[in-house]
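Student: With chain A fixed as given, assemble chain B onto it according to the hints.
Residue numbers (the numbering used here), protein chains in the order written: chain A, 1 to 111; chain B, 1 to 117.
In case anyone wonders, no lab produced these hints; they're calculated from the structure. Do not rely on the hints blindly, as some may be mistaken.
What the hints assert, rightly or not - If you want the footprint, here are the derived chain A segments under chain B, 3+ residues with CB under 8 angstroms: (1) 37-49; (2) 62-73.
Stated by the list, open to error - Here are the simulated PhoX-like cross-link-like pairs (lysine-lysine), alpha carbons at most 25 angstroms apart as the crow flies: (3) B:Lys9 x B:Lys70; (4) A:Lys98 x A:Lys67; (5) A:Lys56 x A:Lys67; (6) A:Lys98 x B:Lys70; (7) A:Lys67 x A:Lys2; (8) B:Lys71 x B:Lys9; (9) B:Lys71 x A:Lys2; (10) B:Lys14 x A:Lys98; (11) A:Lys98 x B:Lys57; (12) A:Lys70 x A:Lys56; (13) A:Lys98 x A:Lys70; (14) B:Lys70 x B:Lys57; (15) A:Lys42 x B:Lys9; (16) A:Lys98 x A:Lys56; (17) B:Lys71 x B:Lys57.
A quick note: this is a predicted structure, and the numbers were derived from the prediction, not measured. For each residue, glycine too, the CB sits at the ideal point set by N, CA and C.
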Amino acid sequence: QKEVEQDPGPLSVPEGAIVSLNCTYSNSAFQYFMWYRQYSRKGPELLMYTYSSGNKEDGRFTAQVDKSSKYISLFIRDSQPSDSATYLCAMLGGGAQKLVFGQGTRLTINP
Amino acid sequence: NAGVTQTPKFRVLKTGQSMTLLCAQDMNHEYMYWYRQDPGMGLRLIHYSVGEGTTAKGEVPDGYNVSRLKKQNFLLGLESAAPSQTSVYFCASSYSTTDEKAWTEAFFGQGTRLTVV
Numbered sequence: 001q002k003e004v005e006q007d008p009g010p011l012s013v014p015e016g017a018i019v020s021l022n023c024t025y026s027n028s029a030f031q032y033f034m035w036y037r038q039y040s041r042k043g044p045e046l047l048m049y050t051y052s053s054g055n056k057e058d059g060r061f062t063a064q065v066d067k068s069s070k071y072i073s074l075f076i077r078d079s080q081p082s083d084s085a086t087y088l089c090a091m092l093g094g095g096a097q098k099l100v101f102g103q104g105t106r107l108t109i110n111p
Numbered sequence: 001n002a003g004v005t006q007t008p009k010f011r012v013l014k015t016g017q018s019m020t021l022l023c024a025q026d027m028n029h030e031y032m033y034w035y036r037q038d039p040g041m042g043l044r045l046i047h048y049s050v051g052e053g054t055t056a057k058g059e060v061p062d063g064y065n066v067s068r069l070k071k072q073n074f075l076l077g078l079e080s081a082a083p084s085q086t087s088v089y090f091c092a093s094s095y096s097t098t099d100e101k102a103w104t105e106a107f108f109g110q111g112t113r114l115t116v117v
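Extracted from the complex, chain A is given alone in its bound form:
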């Protein structure tokens, strides 16, 4: 079983819709939860991160962490065609020095 599971999609929604992306994990030592965005043929870039449980908002993006359920989410409001990309969750913690990624969800926002 992978430490981090993410539905690879693909996910296709109309412009302006609210998008929900999710990951589950098995390692209770994870404390830092990140979302990376990867455009086609590019390397991933950090979108936002959250420490422990709770919510974090940055513009149209909101990250949520529920450590009791080992479940994290990324919400995108008022989605734009420029948001079309692959979104990868990543996790870190417990003194581990390696960054563990989910499989990535490919998202397309249709104009």
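Tutor: Just chain B now, kept in the frame of chain A:
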């Protein structure tokens, strides 16, 4: 400031050939990583390094070797390439302090597309 640079960007190998992928970072980062990315599999960690002269195995290390002789460079070697190693390889680096928060941002290279025929 180039960030993380991977060399080469594309390569086609025949089965059994060897090659070395080079990753160079100019941010004075301590940690460096090699990942491979395959459809539906996400980024899987091959090997990583927490400092000059150190390396450790990740999730899928078999068939690969690494070296970190200089802090700014992290080399990934394939001694005898196999078709199963056809993939996109990404190198990443991140800061290292006693504050784990600084680890959350890993900077990635543009990737190396490797095909083994």
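Student: State for each hint whether it applies.
Tutor: Here is how each hint holds up against the structure:
no.: 1; hint: 37-49; in the structure: holds (count 7)
no.: 2; hint: 62-73; in the structure: violated (count 0)
no.: 3; hint: B:Lys9 x B:Lys70; in the structure: 21 angstroms, holds
no.: 4; hint: A:Lys98 x A:Lys67; in the structure: 19 angstroms, holds
no.: 5; hint: A:Lys56 x A:Lys67; in the structure: 14 angstroms, holds
no.: 6; hint: A:Lys98 x B:Lys70; in the structure: 20 angstroms, holds
no.: 7; hint: A:Lys67 x A:Lys2; in the structure: 17 angstroms, holds
no.: 8; hint: B:Lys71 x B:Lys9; in the structure: 22 angstroms, holds
no.: 9; hint: B:Lys71 x A:Lys2; in the structure: 30 angstroms, violated
no.: 10; hint: B:Lys14 x A:Lys98; in the structure: 31 angstroms, violated
no.: 11; hint: A:Lys98 x B:Lys57; in the structure: 10 angstroms, holds
no.: 12; hint: A:Lys70 x A:Lys56; in the structure: 17 angstroms, holds
no.: 13; hint: A:Lys98 x A:Lys70; in the structure: 19 angstroms, holds
no.: 14; hint: B:Lys70 x B:Lys57; in the structure: 18 angstroms, holds
no.: 15; hint: A:Lys42 x B:Lys9; in the structure: 11 angstroms, holds
no.: 16; hint: A:Lys98 x A:Lys56; in the structure: 23 angstroms, holds
no.: 17; hint: B:Lys71 x B:Lys57; in the structure: 18 angstroms, holds
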